[in-house]
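J.: The whole structure should be built from the sequences, with the hints applied where relevant.
So the chains spell out like this:
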Amino acid sequence: DSGVTQTPKHLITATGQRVTLRCSPRSGDLSVYWYQQSLDQGLQFLIQYYNGEERAKGNILERFSAQQFPDLHSELNLSSLELGDSALYFCASSDARGSGEQFFGPGTRLTVL
Amino acid sequence: AQSVTQLGSHVSVSEGALVLLRCNYSSSVPPYLFWYVQYPNQGLQLLLKYTTGATLVKGINGFEAEFKKSETSFHLTKPSAHMSDAAEYFCAVSRSGGTSYGKLTFGQGTILTVHP
Numbered sequence: 001d002s003g004v005t006q007t008p009k010h011l012i013t014a015t016g017q018r019v020t021l022r023c024s025p026r027s028g029d030l031s032v033y034w035y036q037q038s039l040d041q042g043l044q045f046l047i048q049y050y051n052g053e054e055r056a057k058g059n060i061l062e063r064f065s066a067q068q069f070p071d072l073h074s075e076l077n078l079s080s081l082e083l084g085d086s087a088l089y090f091c092a093s094s095d096a097r098g099s100g101e102q103f104f105g106p107g108t109r110l111t112v113l
Numbered sequence: 001a002q003s004v005t006q007l008g009s010h011v012s013v014s015e016g017a018l019v020l021l022r023c024n025y026s027s028s029v030p031p032y033l034f035w036y037v038q039y040p041n042q043g044l045q046l047l048l049k050y051t052t053g054a055t056l057v058k059g060i061n062g063f064e065a066e067f068k069k070s071e072t073s074f075h076l077t078k079p080s081a082h083m084s085d086a087a088e089y090f091c092a093v094s095r096s097g098g099t100s101y102g103k104l105t106f107g108q109g110t111i112l113t114v115h116p
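Those protein sequences? They're chains A and B, same order as listed. Just so you know, the numbering used here puts 14 at position 14 of the first sequence, and the rest follows in order with no gaps. Just so you know, the numbering used here puts 33 at position 33 of the second sequence, and the rest follows in order with no gaps.
No wet-lab data here; the hints were simulated from the structure. Ideal Cβ placement from N, Cα and C applies to all residues, glycine included. One or more of the hints may lead you astray.
What follows is a list of derived Cβ distance ranges for each label pair [unchecked claim]:
{"hint": "1", "chain 1": "A", "residue 1": "N51", "chain 2": "B", "residue 2": "V29", "range": "16 to 26 angstroms"}
{"hint": "2", "chain 1": "B", "residue 1": "G16", "chain 2": "A", "residue 2": "G16", "range": "45 to 55 angstroms"}
{"hint": "3", "chain 1": "B", "residue 1": "E15", "chain 2": "A", "residue 2": "G28", "range": "34 to 44 angstroms"}
{"hint": "4", "chain 1": "A", "residue 1": "N51", "chain 2": "B", "residue 2": "A54", "range": "39 to 49 angstroms"}
{"hint": "5", "chain 1": "A", "residue 1": "E62", "chain 2": "B", "residue 2": "Q45", "range": "26 to 36 angstroms"}
{"hint": "6", "chain 1": "A", "residue 1": "G3", "chain 2": "B", "residue 2": "K69", "range": "30 to 40 angstroms"}
In silico lysine to any residue, SDA-like type, Cα no more than 25 angstroms apart, as pairs [what the hints assert, rightly or not]:
{"hint": "7", "chain 1": "A", "residue 1": "K57", "chain 2": "B", "residue 2": "V29"}
{"hint": "8", "chain 1": "A", "residue 1": "K9", "chain 2": "B", "residue 2": "V29"}
{"hint": "9", "chain 1": "B", "residue 1": "K49", "chain 2": "A", "residue 2": "G42"}
T.: Below, the structure is given as structure tokens:
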């Protein structure tokens, strides 16, 4: 158990819909990262937040957005969903001590029908 | 920009045989290097990491990797494979330095199959 929690575990929805994925980092970790894992693209970095501020952005679509709240949990919002958005979405967290290690949650499997 | 290439999307070994999973990276700055393992329907678990210091790093479950700067490689090895090692393995690189680490760039993954 990494200490990172993600909800829900599975999500099935239709094209055009909007969903919210939630992540709680390990206690004390200030950084949260979101990754997408798909058969086509592999594991890709989406976005990073550090203590509530956006810190780095990867290949995140404009239809996707994220935020980190004062209690450090984070949400990834996916809107106008398309079939190609079906993937496993991981959240990871890291501390501020400089170890570089990221701890991954169990993921949310999104299926868009 | 950073990138990772894992040579071989599938590797098959017999139980008790040497495991060698290859990883080459590209980075314009000193890299931090990682190997993660993913079991079916689970998240990623860190096997080992190289940040600074000793270039031969030991991880969990008997795995180790050696950072070779001249070859830009970070290959993962285990002397004797066990059935429980069957999983998908990912090599990843990130930038070094600072208290806020950026993205992990992952390789495409190598699926390890262990035969009895």
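J.: Hint by hint, say whether it matches the structure.
T.: Results of checking the hints against the structure:
1. Between N51(A) and V29(B) the Cβ separation comes to about 24 angstroms, which falls inside the hinted range of 16 to 26 angstroms.
2. For the pair G16(B) and G16(A), the beta carbons lie near 53 angstroms from each other, so the given range of 45 to 55 angstroms is met.
3. In this structure the hint that E15(B) and G28(A) lie 34 to 44 angstroms apart at CB holds, the actual value being about 40 angstroms.
4. At roughly 32 angstroms, the beta carbons of N51(A) and A54(B) sit outside the given window of 39 to 49 angstroms.
5. For E62(A) paired with Q45(B), a C-beta distance near 32 angstroms keeps the hint of 26 to 36 angstroms intact.
6. For the pair G3(A) and K69(B), the supplied restraint of 30 to 40 angstroms holds, since their beta-carbon distance comes to about 33 angstroms.
7. As the CA atoms of K57(A) and V29(B) are separated by approximately 19 angstroms, the hinted pair is consistent with the 25 angstroms bound.
8. Proposed proximity of K9(A) and V29(B) is contradicted: the alpha carbons are some 37 angstroms apart, above 25 angstroms.
9. At roughly 21 angstroms between alpha-carbon atoms, K49(B) and G42(A) fall within 25 angstroms of each other, so this suggested pair holds.
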